[in-house]
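With the hints as extra help, turn the sequences into a complete structure.
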Amino acid sequence: MLTRARELLGCHLVGHGATVMITEVEAYDGVNDPASHAFTRTPRSEIMYGPPMRLYVYRLHGHHCANVVTGPTESASAVLIRAGRIVDGVDTARERRLSARDDDALARGPGNLTQALGITIEDLGTDLRDPSPVTLRPAGAAIDAARILSGPRVGVRRAAEQPWRFWLADEPSVSAYRRHPRAGEANSSSSTSSSNS
DNA sequence: GTTTAGATCAACT
DNA sequence: GTTGATCTAAACG
Numbered sequence: 005m006l007t008r009a010r011e012l013l014g015c016h017l018v019g020h021g022a023t024v025m026i027t028e029v030e031a032y033d034g035v036n037d038p039a040s041h042a043f044t045r046t047p048r049s050e051i052m053y054g055p056p057m058r059l060y061v062y063r064l065h066g067h068h069c070a071n072v073v074t075g076p077t078e079s080a081s082a083v084l085i086r087a088g089r090i091v092d093g094v095d096t097a098r099e100r101r102l103s104a105r106d107d108d109a110l111a112r113g114p115g116n117l118t119q120a121l122g123i124t125i126e127d128l129g130t131d132l133r134d135p136s137p138v139t140l141r142p143a144g145a146a147i148d149a150a151r152i153l154s155g156p157r158v159g160v161r162r163a164a165e166q167p168w169r170f171w172l173a174d175e176p177s178v179s180a181y182r183r184h185p186r187a188g189e190a191n192s193s194s195s196t197s198s199s200n201s
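According to this note's numbering, the first sequence is numbered sequentially starting from 5.
Treat the hints as calculated values from the structure; they're not laboratory data. Glycine residues also receive a C-beta, built at the ideal position from the N, C-alpha and C atoms. Among these hints, one or two may not hold up.
If you anchor each label on the Cβ, the simulated ranges turn out as follows [said to hold, decoys possible]:
#, residue 1, residue 2, range
1, Tyr62, Leu6, 20 to 26 Å
2, Tyr62, Pro137, 16 to 22 Å
3, Ser136, Tyr62, 16 to 22 Å
4, Gly66, Pro137, 17 to 23 Å
5, Pro167, Asp107, 25 to 31 Å
6, Glu78, Ala180, 31 to 37 Å
7, Pro38, Val91, 30 to 36 Å
Structure (structure tokens):
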């Protein structure tokens with residue numbers, strides 16, 4: 005599972021006229037991962053239980069995040085594409101990401117990456133192997149294992165201690181680690197029904 | 001029960 | 001100012 009995530013580093017993700025080289029990913033281990041949307045099997049997460057090499061897109065803060073279903077079919081494993089470096093279609097990416105000041109920030113962060121590639125909820129379930137607006141291509145050159153770093157995932161509350169984030173050293177497009185404010189807290193559902201004073 | 005839309009807020013640039 | 005596998009609430013089946 006973690007190997008799949010590492011293998012995605014350096015691959016080219018083509019989306020609606022723009023191409024990025026993946027530089028940062030996070031692995032999500034489906035049924036065994038509380039942070040995964042597939043932790044509970046629902047019709048919505050069914051896509052991740054399906055065949056690999058498909059796209060799972062979900063909405064977050066009004067933006068979108070893109071995942072690659074990696075399989076095997078029953079484990080619902082998926083890899084979140086967190087960041088990438090634009091290698092083609094820079095003009096298109098810039099038009100979509102007007103707020104980005106530097107080219108390195110065009111696809112820095114999952115929401116920005118999907119926006120730069122024009123990936124929306126309509127691309128959900130796209131087969132990345134078929135010729136489609138969104139395609140995943142193998143890495144042009146093998147990535148040196150020494151360049152791959154790992155660490156805890158960004159912004160997750162559940163299972164925040166799992167070092168399932170991988171990124172390429174020497175890449176300015178990789179975002180910095182940010183811990184979730186409430187990560188590790190006890191799940192105290194007991195609402196302290198704080199009546200107004 | 002699940003899904004979608006909007007709010008929230010700390011860390012980043 | 002921007003971003004975001006969070007959080008809550010409302011709509012749906």
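Now for the hints, and whether the structure bears them out:
1. Between Tyr62 and Leu6 the CB atoms are about 22 Å apart, so this pair conforms to the stated range of 20 to 26 Å.
2. Hint check: Tyr62 to Pro137, Cβ distance near 18 Å, so the stated range 16 to 22 Å holds.
3. Judged by the Cβ atoms, the range 16 to 22 Å given for Ser136 and Tyr62 holds: they are separated by roughly 19 Å.
4. Between Gly66 and Pro137 the Cβ separation comes to about 21 Å, which falls inside the hinted range of 17 to 23 Å.
5. Taking the beta carbon of each, Pro167 and Asp107 are about 29 Å apart, inside 25 to 31 Å as hinted.
6. Roughly 35 Å separates the CB atoms of Glu78 and Ala180, a value that falls within the hinted 31 to 37 Å.
7. Remark: the range hint 30 to 36 Å for Pro38 to Val91 is upheld by a beta-carbon distance near 35 Å.
In terms of the numbered hints stated before, the structure departs from none.
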